[in-house]
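Residue numbers (the numbering used here): 526 to 583.
If you are wondering where the hints come from, they were derived from the structure by calculation, not from laboratory data. As the structure is a computational prediction, the values presented were derived from the model and not from experiment. Positions of the beta carbon are idealized from the N, C-alpha and C atoms, including for glycine. Hints may contain errors.
To be verified - Label pairs and their in silico Cβ distance ranges:
{"id": "1", "residue 1": "V571", "residue 2": "G533", "range": "29 to 35 Å"}
{"id": "2", "residue 1": "G533", "residue 2": "N574", "range": "21 to 27 Å"}
{"id": "3", "residue 1": "V571", "residue 2": "I536", "range": "20 to 26 Å"}
{"id": "4", "residue 1": "G533", "residue 2": "M572", "range": "34 to 40 Å"}
{"id": "5", "residue 1": "F538", "residue 2": "K576", "range": "17 to 23 Å"}
{"id": "6", "residue 1": "K573", "residue 2": "G533", "range": "35 to 41 Å"}
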Amino acid sequence: MELAGSIGFDIIFMDLQMSLMDGYEASLLIRGGDEKVPIIALSAAVMKNDKARSAKPG
Numbered sequence: 526m527e528l529a530g531s532i533g534f535d536i537i538f539m540d541l542q543m544s545l546m547d548g549y550e551a552s553l554l555i556r557g558g559d560e561k562v563p564i565i566a567l568s569a570a571v572m573k574n575d576k577a578r579s580a581k582p583g
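Work the whole structure out from these sequences, hints included.
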C-alpha cells in the first residue's frame with residue numbers, strides 16, 4: 526500500500542481475488558491513505574453477491 530502513495534500512479538488495476546489480501550481490502554487501505562488515483566477492479570466472479578459488493582461504494 527505504501528507503493529501506491531509513494532510513486533504517484535495515474536491508475537491502478539486491481540485483481541479482486543488475490544491470495545494474501547483481496548482487492549476490496551487493498552482498495553480500502555489505498556483509499557485510507559487519502560490516495561485519489563482511480564482503481565479499476567478486475568474479476569472473473571459472476572455471482573450476484575460479487576457484483577453487488579463490487580458496485581457498493583467504500
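Hint by hint, here is what the structure shows:
no.	hint	result
1	V571 - G533: 29 to 35 Å	holds (34 Å)
2	G533 - N574: 21 to 27 Å	violated (34 Å)
3	V571 - I536: 20 to 26 Å	holds (24 Å)
4	G533 - M572: 34 to 40 Å	holds (35 Å)
5	F538 - K576: 17 to 23 Å	holds (19 Å)
6	K573 - G533: 35 to 41 Å	holds (37 Å)
Of the numbered hints listed earlier, the single one contradicted by the structure is hint 2.
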